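Protein chains in written order, with my numbering: chain A, 1 to 278; chain B, 1001 to 1278; chain C, 2001 to 2278; chain D, 3001 to 3278.
Bear in mind the hints are in silico, worked out from the structure with no lab data behind them. Possibly wrong hints are sitting among the right ones.
Claimed, not checked - Part of the chain A face toward chain D, derived, beta carbon under 10 Å:
no., residue
1, His37
2, Leu39
3, Pro40
4, Arg41
5, Arg42
6, Leu58
7, Thr60
8, Glu89
9, Tyr129
What the hints assert, rightly or not - Some chain C residues flagged as far from chain A (calculated, every beta-carbon gap over 12 Å):
no., residue
10, Asp2050
11, Gly2062
12, Pro2106
13, Arg2142
14, Gly2144
15, Val2147
16, Glu2223
17, Arg2224
What the hints assert, rightly or not - Simulated coverage check for chain A against chain B, where a stretch passes if three residues somewhere in it have a Cβ under 8 Å from a Cβ of chain B:
no., stretch
18, 71 to 80
19, 121 to 127
20, 133 to 141
21, 161 to 170
22, 205 to 219
23, 224 to 235
On a predicted model such as this, the values are computed, not experimentally measured, just so you know. Every residue, glycine too, gets a C-beta built ideally from N, C-alpha and C.
Number of protein chains: 4
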Amino acid sequence: MTDALLQVVQGGVETIDLGRQLRVGMPQSPNHPQFWHTLPRRHGDMVRSDGSSAANDLITTGTHVGTHIDALAHVSFEGKLHGGADATESCLGGKYVEHGVHTIEPMLRRGVLLDVAGHLGVEHCEGGYEITVADLEATAERQGVTVQRGDVVLIRSGWGARFAEGAPYVGGPSGVPGVGEAGAVWLGEHGVHAAGADTIAFERLAPGGGHALLPAHRVLLVERGIYIVEALDLEGLAAAGWGEFTFVLVPMPIFGATGSPVRPLAVRSTATSTGAAS
Amino acid sequence: MTDALLQVVQGGVETIDLGRQLRVGMPQSPNHPQFWHTLPRRHGDMVRSDGSSAANDLITTGTHVGTHIDALAHVSFEGKLHGGADATESCLGGKYVEHGVHTIEPMLRRGVLLDVAGHLGVEHCEGGYEITVADLEATAERQGVTVQRGDVVLIRSGWGARFAEGAPYVGGPSGVPGVGEAGAVWLGEHGVHAAGADTIAFERLAPGGGHALLPAHRVLLVERGIYIVEALDLEGLAAAGWGEFTFVLVPMPIFGATGSPVRPLAVRSTATSTGAAS
Amino acid sequence: MTDALLQVVQGGVETIDLGRQLRVGMPQSPNHPQFWHTLPRRHGDMVRSDGSSAANDLITTGTHVGTHIDALAHVSFEGKLHGGADATESCLGGKYVEHGVHTIEPMLRRGVLLDVAGHLGVEHCEGGYEITVADLEATAERQGVTVQRGDVVLIRSGWGARFAEGAPYVGGPSGVPGVGEAGAVWLGEHGVHAAGADTIAFERLAPGGGHALLPAHRVLLVERGIYIVEALDLEGLAAAGWGEFTFVLVPMPIFGATGSPVRPLAVRSTATSTGAAS
Amino acid sequence: MTDALLQVVQGGVETIDLGRQLRVGMPQSPNHPQFWHTLPRRHGDMVRSDGSSAANDLITTGTHVGTHIDALAHVSFEGKLHGGADATESCLGGKYVEHGVHTIEPMLRRGVLLDVAGHLGVEHCEGGYEITVADLEATAERQGVTVQRGDVVLIRSGWGARFAEGAPYVGGPSGVPGVGEAGAVWLGEHGVHAAGADTIAFERLAPGGGHALLPAHRVLLVERGIYIVEALDLEGLAAAGWGEFTFVLVPMPIFGATGSPVRPLAVRSTATSTGAAS
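One chain only, chain A, in its complex shape:
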């Protein structure tokens, strides 16, 4: 007898890719080492006796680049990580052993899109706009979805459509829209497993303010133990009108690291997927 999951998968699934391609020169936070990829060996550089050749790669990069997930070890508050661990002593031999990204279990969970820009009827929220609890609740209501314990909630400000513009996506003078401390508390009260957004730092960045103060990071990562996913591509999801889906995210198991580039997926069975908001 075929496994129930495999049966549905073999019945056909449709996938929407929520991850950005990793490309040299893409916008990223200036706080992290730049993503670089190069080919040390190209075809023809060294041909084997049997006529074959192999090309290969060298990558050098921060982990908080492209679409990525923050491990709990990424942020501390008053010297403590989530659960009260001492932030200095948690680093053993140059690795965050306890709350590193290798401790994040792969996710196959209910995902929910809150398309705030869609609800507000704007192409994208303005730079520096704080998405309020009222915005989140009105969006959920309009979409007819509820946020449940264990969900992964993805918040669309529409700012992600600016990724291709480069520097403006990162914010700087304009700031970046997103939830603030209040929105993070709301997510925490709903017991979500992870929260994501289509912006570089998940939360609202004040115009000109850079990444100096990140209260939502403190609330989610330190106080609540909720993972954050950043720089998602939510345009396809919004266009398809998927409000609820299976969310798949598999972090790279980098021992002791504070984050990982990821390529999350939204998946639905083609047997039942209607293309309308659930």
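Guided by the hints, dock chains B, C and D onto chain A, whose structure is given.
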């Protein structure tokens, strides 16, 4: 109405992780840049005015490290990539645009384990042992699984249990067990989508022979367009006796690269999973 | 009997450092991988049984960062490197074997400073200003120095004082001052061994023009085989009024690379150095 | 009037290169990130409108690779760096500000070769052989050189000729010859400025012992503040019979790093250089 996939996922799934942790010093092919991870910023290095601090990472690595997937751009034969593309001209601006790893679609497919070591009743096949077509067929028959078009087939030689030993895993004087050209042709004839193994180069390496000749790579990547997954951890899968499962693999979308570290998963519904071989 | 050189050195020498510190975040050309330095191991991470510990580093960087030298392999024109070598075929196995930076002999030579900003009586030449042959000749005359065959000529625009400002140093909208094609031809006619400047690209960059067209690079590197040194710190040299000195430059012998960060020195015997322009 | 130093330099100097080429795959200590160099852009990848193109590099590497210098920040003993600085607190924001490699002044000093292998009449000292104080003194006497305060002393075991062999150079089972604690104390008592050797760790490594205990590092770096230069190529110097020379070493000014690859030079005036031991 809930999507059929989400319904099964919310009913409960069990996941077996097939990916190796990415750790500094792990065994890897000497042909590729070594995996390194370090923390440029640790907690306490720079505390913000609000009492928070952020730690971050720098990674430098080849892409064919840890558990990883080979893109079709990885290997050429007589100057051609899969489909006859000119191997030199396929590199545009230092990127393999056509057959790069960014072109590999995420996989949610039927996965099949062929536990050759289990069938042969050995802890692991010897270094340099060529797994024959007869071995593959006898293993499948004994397990009661059939290989179908579009499957991902994972071949367990048992050699993967030596990963923790370091250098011996890579082979060198001992060689490494695996399929040869004949096994690759057999996989191709079954129309598999991807093939994987618990060894560093997927295919048999002759004792002392290094990675000089890789005929199975030629057959799979160049002639058939079948992806190869290497350095899988198949011990848990064999111990659980899963012969058939949903295989999930999401390559990092590195534009123009020849491969990507991956963390593949075997997943089953807990509603029906019995722990016995399917 | 003591060697004549050693005798002078032991009599006392004074050194002016012409190289920039390599620091994370320093201004650099956006065309090259960013300079990063981090400590994988800090003291205390792993203490040996005898009470000692060792800290170490990981660097990831382009070679055209900080103060650096361009090898002849850096630039081609119409498919040719200096001396007519085919630019594509000169790359063997991913290395520029013939004109790579490893072929640059260490320099202990006569160095000459042409302090154009000092001559013009400006703090720095304006962004986009082209330093003319007349400027170079008038500066040399005013300083009482002549440019001789085999010299290393350092051209000070004063722009180097802006290094600490970061982005403005790189130019962008403002452009950057420097010689153009005519100045490069003049240097070539004087048979100099290498030429340097206190700017990021040695030559004039038009306002808003970026690094799109670099005629002086073509003249010097391709046509004449003259090395170029960029991002020099010439402020101390100008302040000391040294017009003539022993120039010491030792490139890193990176096999097959197109450039190298360097730390050039101007050196004088303290027995004779007067602090006045020579 | 020409500066005395420049006068000698223009009279002609002969240089012996003491630095190893930096090549992918060269032997290096397994404790440090591997040296890698690759070309992200090759000629032809992107040709500008004027017919020119530029190739460039990406380097990723430890600093204790190739011929390199150890900064005082490299080693601590019982929690202290040289001068008693607290080893943990000396790391500010991820940089060794006080004793980092950027604090090493460029060297133009008297250099002395102690050709121990030459004195002992062996091709190279055996792996694990401890070069004694008696060896050092007999070598100096036989060569007719004295070690003076402020000198840079280079100790040749002959092991450097094995660099091209790869792994055997690093030692492992065989160990590596070099001075031990007693030799380091002797160097300290002579007040040398820096000490170098033609081996990977400067000091004797016991057969099979790896780099676990490094007493000479403690004596020189921590107790005496004497820099260590490793993996020198001393073959040319010994062949030329230079016992005394001007030693030129310019570390890369990497802010806060524990070491730097270097390319030291031995230089003599051709006017007086006789090719015989001084």
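Status of each hint after checking the structure:
Of the supplied interface hints, the one on His37 of chain A holds, with its beta-carbon coming within about 8 Å of a beta-carbon of chain D, less than 10 Å. The criterion of a C-beta within 10 Å of any C-beta in chain D is met by Leu39 of chain A, whose closest approach is roughly 7 Å, and the hint holds. At a threshold of 10 Å, the smallest CB-CB gap from Pro40 of chain A to chain D is about 4 Å, leaving the interface hint in force. The interface hint given for Arg41 of chain A is met, as the beta carbon of that residue sits about 8 Å from the closest beta carbon of chain D, less than 10 Å.
Given the 10 Å rule on beta carbons, the hint for Arg42 of chain A holds: about 8 Å separates it from the nearest Cβ of chain D. Interface hint at Leu58 of chain A: satisfied, since its Cβ lies 5 Å from the closest Cβ of chain D, which is below the 10 Å cut-off. About 5 Å separates the beta-carbon of Thr60 of chain A from the nearest beta-carbon of chain D, less than 10 Å, and the hint is met. Checking Glu89 of chain A against chain D by beta carbon gives a least distance of about 12 Å; that is not within 10 Å, so the hint is violated.
Given the 10 Å rule on beta carbons, the hint for Tyr129 of chain A is violated: about 33 Å separates it from the nearest Cβ of chain D. With 12 Å as the threshold on Cβ separation, the claim that Asp2050 of chain C sits away from chain A holds: the shortest Cβ distance comes to roughly 18 Å. For Gly2062 of chain C, the non-interface assignment is contradicted: its Cβ lies about 9 Å from the closest Cβ of chain A, within the 12 Å cut-off. Even its closest Cβ contact with chain A, about 27 Å, leaves Pro2106 of chain C beyond 12 Å, as expected for a residue assigned away from the interface.
Distance check on Arg2142 of chain C: its Cβ is at least 43 Å (rounded) from any Cβ of chain A, clearing the 12 Å threshold; non-interface status holds. For Gly2144 of chain C, the condition that its CB be more than 12 Å from all CB atoms of chain A holds, with the nearest at approximately 46 Å. With a minimum CB-CB distance of about 39 Å to chain A, Val2147 of chain C clears the 12 Å threshold, and the non-interface call stands. Non-interface status of Glu2223 of chain C relative to chain A is upheld: no Cβ of that chain comes within 12 Å, the nearest being about 28 Å off.
Separation of Arg2224 of chain C from chain A is adequate, the least Cβ-Cβ distance of about 30 Å exceeding the 12 Å criterion. Given a C-beta distance limit of less than 8 Å, the hint that chain B covers the stretch 71 to 80 of chain A holds, as 7 residues qualify and 3 suffice. Counting residues of the stretch 121 to 127 of chain A whose CB lies closer than 8 Å to any CB of chain B gives 0, which falls below the minimum of 3, so the coverage claim is violated. With 0 residues carrying a beta carbon less than 8 Å from a beta carbon of chain B, the stretch 133 to 141 of chain A misses the three-residue requirement, and the given coverage is violated.
For the stretch 161 to 170 of chain A, the stated coverage by chain B is violated: 0 residues have a C-beta nearer than 8 Å to a C-beta of that chain, whereas at least 3 were required. Counting residues of the stretch 205 to 219 of chain A whose beta-carbon sits less than 8 Å from any beta-carbon of chain B gives 6, enough to reach three: the coverage restraint holds. Remark: the stretch 224 to 235 of chain A is not confirmed as covered by chain B, as 0 of its residues place a Cβ nearer than 8 Å to a Cβ of that chain, below the required three.
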